[in-house]
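Could you build the full structure based on these sequences and the hints that come with them?
Residue numbers (our numbering), protein chains in the order written: chain G, 1 to 246; chain U, 247 to 492; chain F, 493 to 738; chain H, 739 to 984; chain Z, 985 to 1230; chain X, 1231 to 1476.
Derived from the structure by calculation, the hints contain no laboratory data. Predicted model, so just to flag it, every value in this text is computed and none were measured. Glycine included, each C-beta is placed from N, C-alpha and C at the ideal position. There may be inaccurate statements among the hints.
[What the hints assert, rightly or not] Cut-off 25 Å, straight-line C-alpha distance, at most; resulting in silico cross-link-like pairs (DSS-like, lysine-lysine):
| hint | chain 1 | residue 1 | chain 2 | residue 2 |
| --- | --- | --- | --- | --- |
| 1 | X | Lys1328 | Z | Lys1187 |
| 2 | H | Lys878 | H | Lys792 |
| 3 | F | Lys509 | F | Lys595 |
| 4 | G | Lys140 | Z | Lys1082 |
| 5 | G | Lys203 | U | Lys344 |
| 6 | G | Lys98 | F | Lys632 |
| 7 | U | Lys263 | U | Lys344 |
| 8 | G | Lys140 | G | Lys98 |
| 9 | U | Lys449 | G | Lys98 |
[As the list claims (entries may be wrong)] Short derived list, chain H residues pointing at chain Z, Cβ under 10 Å:
| hint | residue |
| --- | --- |
| 10 | Lys755 |
| 11 | Leu807 |
| 12 | Pro820 |
| 13 | Ile852 |
| 14 | Phe859 |
| 15 | Leu866 |
| 16 | Pro872 |
| 17 | His874 |
| 18 | Val877 |
| 19 | Lys878 |
| 20 | Cys879 |
| 21 | Pro936 |
| 22 | Ala957 |
| 23 | Gly980 |
| 24 | Phe982 |
| 25 | Ile983 |
6 protein chains.
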Amino acid sequence: MELHLCTWQEVETYLTKSDAIIIPIGSTEQHGPTGLIGTDAICAEKIALGVGEKTDAIVAPTMNVGMALHHTAFPGSISLRPTTLIVYVQDYLTSLAKAGFRKFFFINGHGGNIATLKAAFSQTYDHLDSLNLPNHEQVKCKIANWFMCREVYQLAKTLYGNQEGSHATPSEVAVTQFAYPSAIKTAPLNPDVSTGHPIYGAKNFRNCYPDGRMGSNPALATPEHGQQFYELAVEELSESYGEFIQ
Amino acid sequence: MELHLCTWQEVETYLTKSDAIIIPIGSTEQHGPTGLIGTDAICAEKIALGVGEKTDAIVAPTMNVGMALHHTAFPGSISLRPTTLIVYVQDYLTSLAKAGFRKFFFINGHGGNIATLKAAFSQTYDHLDSLNLPNHEQVKCKIANWFMCREVYQLAKTLYGNQEGSHATPSEVAVTQFAYPSAIKTAPLNPDVSTGHPIYGAKNFRNCYPDGRMGSNPALATPEHGQQFYELAVEELSESYGEFIQ
Amino acid sequence: MELHLCTWQEVETYLTKSDAIIIPIGSTEQHGPTGLIGTDAICAEKIALGVGEKTDAIVAPTMNVGMALHHTAFPGSISLRPTTLIVYVQDYLTSLAKAGFRKFFFINGHGGNIATLKAAFSQTYDHLDSLNLPNHEQVKCKIANWFMCREVYQLAKTLYGNQEGSHATPSEVAVTQFAYPSAIKTAPLNPDVSTGHPIYGAKNFRNCYPDGRMGSNPALATPEHGQQFYELAVEELSESYGEFIQ
Amino acid sequence: MELHLCTWQEVETYLTKSDAIIIPIGSTEQHGPTGLIGTDAICAEKIALGVGEKTDAIVAPTMNVGMALHHTAFPGSISLRPTTLIVYVQDYLTSLAKAGFRKFFFINGHGGNIATLKAAFSQTYDHLDSLNLPNHEQVKCKIANWFMCREVYQLAKTLYGNQEGSHATPSEVAVTQFAYPSAIKTAPLNPDVSTGHPIYGAKNFRNCYPDGRMGSNPALATPEHGQQFYELAVEELSESYGEFIQ
Amino acid sequence: MELHLCTWQEVETYLTKSDAIIIPIGSTEQHGPTGLIGTDAICAEKIALGVGEKTDAIVAPTMNVGMALHHTAFPGSISLRPTTLIVYVQDYLTSLAKAGFRKFFFINGHGGNIATLKAAFSQTYDHLDSLNLPNHEQVKCKIANWFMCREVYQLAKTLYGNQEGSHATPSEVAVTQFAYPSAIKTAPLNPDVSTGHPIYGAKNFRNCYPDGRMGSNPALATPEHGQQFYELAVEELSESYGEFIQ
Amino acid sequence: MELHLCTWQEVETYLTKSDAIIIPIGSTEQHGPTGLIGTDAICAEKIALGVGEKTDAIVAPTMNVGMALHHTAFPGSISLRPTTLIVYVQDYLTSLAKAGFRKFFFINGHGGNIATLKAAFSQTYDHLDSLNLPNHEQVKCKIANWFMCREVYQLAKTLYGNQEGSHATPSEVAVTQFAYPSAIKTAPLNPDVSTGHPIYGAKNFRNCYPDGRMGSNPALATPEHGQQFYELAVEELSESYGEFIQ
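Set out below in structure tokens:
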């Protein structure tokens, strides 16, 4: 049940049964020579729709641009500054909270969003308090990172070992291959991939990680793996959502 | 060619041939008892992809939440405040401009975005000037409203006369029916629909337009009409894009 | 009745009879070789005072600096960034709304203000809602562009044809000549004036429009024309104000 | 020489001889039962024009709304929040600095502006530094408060003793009477006027100073006094301007 | 009684007896060749603790970074921009006001903070009003500059005459020597110290005041003087606090 | 070596040998019935000074107020909103970066700061890039949480088992007892302490954790433990700093 495919009256009805909503958040950033720029948004949205279906929850429109400043030395990357993402999330949640939503379950596809998103939650609780919204103290936000699901993590380890890496990983590439089989890319991948550098600014990042990958070998990804990851993530996050809304 | 389905190296190659990009912008807001909340984003994205295909242009990720504060008294509507949308657009365009993009062609699905988007363009030109980006004086932004295309407007008039109205219109509903035939909604529509009130704040809007429609009869929409609108808009905006990038 | 020339007790009395106020907004920007930098503010203020007199309305202090970033490559131009103008308008209206004003009728002299001003209205409605001001849902803002009055437009067409142009127009110059006959300027004007370029950033604007005019021949202006424009605008905007406050 | 009455080419010429400009700043706020709401702007503007004439300096458009939050419990008062006034001043000065102006001489009519204006100067120096404007280290801002001119202060003391008070003073009322003899107001004034309370928030202010005056007896003002104050202020500030631009 | 050394339950108890709190504010900025970078914070904190002890008042954590943009051309100086300091103070006071504090007595060690701090007070009164906090109209803020205490000023004059200067003064250096006898610094001091230049931006400041001192001879300072200044300031500010909280 | 106890010339000299600086960041927030409100700042500062001594590094002034919005329903807690903390950190680091510092090692005492601080780092890298500061791509920021040091964690486990909890922990209380033996507090502690609730807004937090502790038994703390934690943290963070600055 996508919010975008509902009418407002369907939302009104939904709110009589539930005050929870799922919000996919991804990013628009380089994912190495073969990874799609939309990888993080694609994975988050795909999995969120699966969770929404399984749990009968409304899925809000995907936040497809996130906090990816460190990737912006690669063409095609788009990032918000943290303060922008915070006010964006605040406005987004305030609109929903005024309508009666109280529980916001973010399904996140990008590690770089986590810090700013948590900051945004704190800011939003405070903002809703200052608006004197009824029952605003019931507002709850949660980030669920699909790539950190226990079973997902295990499978990635099993399939790829330390070639999973930490950016442009075969697991996330696999999910995009499952979601968009017609957009599977190939390119020569230097087997000697960079790894282990901490992340600072954009130019520094590109110096450290010249082709954008962080220790990963995305050539190992297959659409079949993608489906497995998808199913595991949907399963685990559906449970997690269920606990969250109680 | 969707930016989300490209690799960064494909974008790098694209930039050797073109410095232009198409950006769909919609909104997440009530569209009357039968219109989808995502109508404006769905239409903008669908048409933008058509234009991108026809003109070999990259299409950036859809801005699916816009300036819809006046709709926020209806559940399911989500809006940014204008200052938020301005910094959002500024960050978004700055990322692309740093990579070498210079021409930003927005395909817009929501009248309520126009003012703020124009303000954002002014702010962005000034911001890029202050960054001393090379050739920043070549940066150009343009809003193309698909619903204001000459042929689209004519067809809407022919098909619906004054039942086209100005919000939750049969023409936009038709395009969503074409895009998502499985999400066609029906509901009783009061034939005595409100019309002619100026737009002020959210509560005032809902008082004036109790079911969300502004003078429209979306029951007239069909997916076939939607396809016609789609084709006319793609045709006209492709030309418009062609002129813009010269 | 200028707010600046009232006491607070006179305002208190006024508020027992009316909750409406007229706010002139102009700009401080180049107007070609012979146009005054204050043209837009001068016209807006002059006409607003005329409307105020005719309708017994209070006229607030003129916003004499507006959104003119695209003119700032010409010396003497002063502009706010859109986000600044938005918070400026928000603060300005919030002060008045707290005192009981509910209807804000802007008389505008500068096309470049329109987008940002509309964005500011949306932001202000939302802000007043968040303040829980009593009856804030009755707050209404309206922009009336004197230069778009039907009769004004007709007269400009009759007097100047396509030499009216769209910036540093003879009609606006004429109104300033009527308002400040001692400040009528002359300078050689290239008959081959630029026209038809879309507006982007400041440097681009000056490249396209080297002397600041956009397709206009301000040498046609006379103070007598100015008076005619003034009278037509006052007439039409007084009616418009009357309808607005009902 | 008012900036508003110049053409951009006249400004260009002026900049070959001087990089200094005078900026009047006032406020829009209650001035007791007989003082005009525009008192501070009227005085600042009137005196600034006198100084401009005497020193051949350009006078920029008056900032007619300032920092007057503590007066906003009286109807008709309009105030910016300090952060708004700071970005307003920053944008205003940045436009002028880009054109080549380097010395900004503010003639101020409102004590409540001083703190925020000084803060704005600091912020602007830093901002212009971050823009890498050529010779930005030569940018200088100065506030000259006409009401603190030595001779003005002496005359007020001589004429009014301690009935001068500190808000809605006979001296500032006198200057407005000189400037707008047709707008001289009378009203019963309680001889037992409040005095000596520190200034906190708006409601507190109105509790302490119920009719808006702070220890003053504006009934002593005459237009003739106003002219004397005007002349003394113009004399002293012209000298002060002369020293500033060296 | 330092807030940092209390438990929240001790604060709760305190609030049953008093709604006042002392807040030391200093700066982190160069103080000439022998003055400590923390001078302003050290003095403010030391004296605030003395006042707190004498008056049984809670002392909040020191704001150790202030508005010192003009000192930032000297290494080690740290400054907030005015808009940052304003929101910092607003957040800080809002937290305390929500808990029941109403009277905020700032003990300030840096002249450069005064303007921005006063602006922050105005902004905070307005903000608390917009939050509808109970009895927010009782919120009062006051700046007490220890270096402007009457007796302090007299003693500095007696001890140092015009070698007191106005930055990196022997009096403030003496207080730091008293507070941190182990951190007394010596360095050659040019007897021909700069004086009398107005303060503009950072580069200009360093050009005018090459070693950071403004007309002062800090070599005259002794820890014994420091103790005297400390005691005079504590005495006078304790009285001042007593009057403030009545 | 505390920045506050240096002269600017000592900093200048330091910069010829090192471009790194240690910045303690804590919080001002309730720490249960016996924990000091300044706990997080006290621990961070104490340990930072130890690390500074051991590594010959300059220690900047402590950020003693952090992101603690969820604690603000307890009196005495003070918090910045995340957007405020971000601009605060940005301004703070920008000042230091302009002087030549490039490596910023934060020693953090509060888990609630981590997200916002990481967001602030991203924003600052981007900001310094936009300033075109020389070698800005060498700017590096790192958060080191003393309470997450391996040995610290082990010792806490050994000494307290699961009575360590996650807020108002005996380990942090112990460090404050070591730092301020005269400020050791006792109070009855309910043995049935709350635990396991996720953190949302301030009112919700206080409902879940009525006395402020999260699963901890701070009565187990002793000053001797505090010294042990202190020494382990200094040891480990000194190494960590050494690796960071290479």
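So, going through the hints one by one against the coordinates:
Pair hint Lys1328 of chain X plus Lys1187 of chain Z holds up; C-alpha atoms about 12 Å apart against a cutoff of 25 Å. Simply put, Lys878 of chain H and Lys792 of chain H have alpha-carbon atoms about 21 Å apart, close enough for the 25 Å limit, and the pair holds. For the given pair, Lys509 of chain F sits about 13 Å from Lys595 of chain F by alpha-carbon distance, which is consistent with the 25 Å threshold. In summary, the hint linking Lys140 of chain G to Lys1082 of chain Z is supported, as the alpha carbons are separated by about 22 Å, within the 25 Å threshold.
Between the alpha carbons of Lys203 of chain G and Lys344 of chain U the distance comes to roughly 12 Å, so the proposed pair stays at or under 25 Å and holds. For the suggested pair Lys98 of chain G and Lys632 of chain F, the alpha carbons sit about 22 Å apart, so the restraint of at most 25 Å is met. Proximity of Lys263 of chain U to Lys344 of chain U is assessed by CA-CA distance (about 16 Å); at most 25 Å being required, the pair is judged to hold. The hinted pair formed by Lys140 of chain G and Lys98 of chain G meets the criterion: a straight-line CA distance of about 14 Å does not exceed 25 Å.
Restraint check for Lys449 of chain U and Lys98 of chain G: the C-alpha separation of about 12 Å stays at or below 25 Å, so the hint holds. Taking 10 Å as the C-beta contact cut-off toward chain Z, the hint placing Lys755 of chain H at the interface is violated, the least distance being around 22 Å. This hint holds: Leu807 of chain H has a C-beta 5 Å from the nearest C-beta of chain Z, less than the 10 Å allowed. The interface hint given for Pro820 of chain H is met, as the beta carbon of that residue sits about 4 Å from the closest beta carbon of chain Z, less than 10 Å.
Proximity of Ile852 of chain H to chain Z holds as hinted, the smallest CB-CB distance being about 7 Å (cut-off 10 Å). A cut of 10 Å between beta carbons decides the hint on Phe859 of chain H: the least distance to chain Z is about 8 Å, and the hint holds. Taking 10 Å as the C-beta contact cut-off toward chain Z, the hint placing Leu866 of chain H at the interface holds, the least distance being around 8 Å. The interface hint given for Pro872 of chain H is violated, since its Cβ lies 13 Å from the closest Cβ of chain Z, which is over the 10 Å cut-off.
With 10 Å as the threshold, the beta carbon of His874 of chain H comes within range of chain Z, its nearest partner Cβ sitting at about 7 Å, so the hint holds. Using the Cβ-Cβ criterion of 10 Å, the hint placing Val877 of chain H at the interface with chain Z is satisfied: the shortest such distance is roughly 6 Å. Because the closest C-beta pair between Lys878 of chain H and chain Z is about 5 Å apart, less than 10 Å, the hint holds. Nearest Cβ of chain Z to the Cβ of Cys879 of chain H: about 7 Å, under the 10 Å cut. The hint holds.
Interface hint status for Pro936 of chain H: upheld, as the beta-carbon distance to the closest one in chain Z is roughly 7 Å, under 10 Å. Annotation: interface hint on Ala957 of chain H violated; nearest CB of chain Z at approximately 30 Å, more than 10 Å. The closest approach between the C-beta of Gly980 of chain H and any C-beta of chain Z is roughly 15 Å, which is over the 10 Å cut-off, so the hint fails. For Phe982 of chain H, the suggested interface contact is upheld, since its CB lies about 9 Å from the closest CB of chain Z, less than 10 Å.
At its closest, the beta carbon of Ile983 of chain H sits 13 Å from a beta carbon of chain Z; the interface hint therefore is violated under the 10 Å criterion.
The structure fails to meet hints 10, 16, 22, 23 and 25 from the earlier list, while all remaining hints are met.
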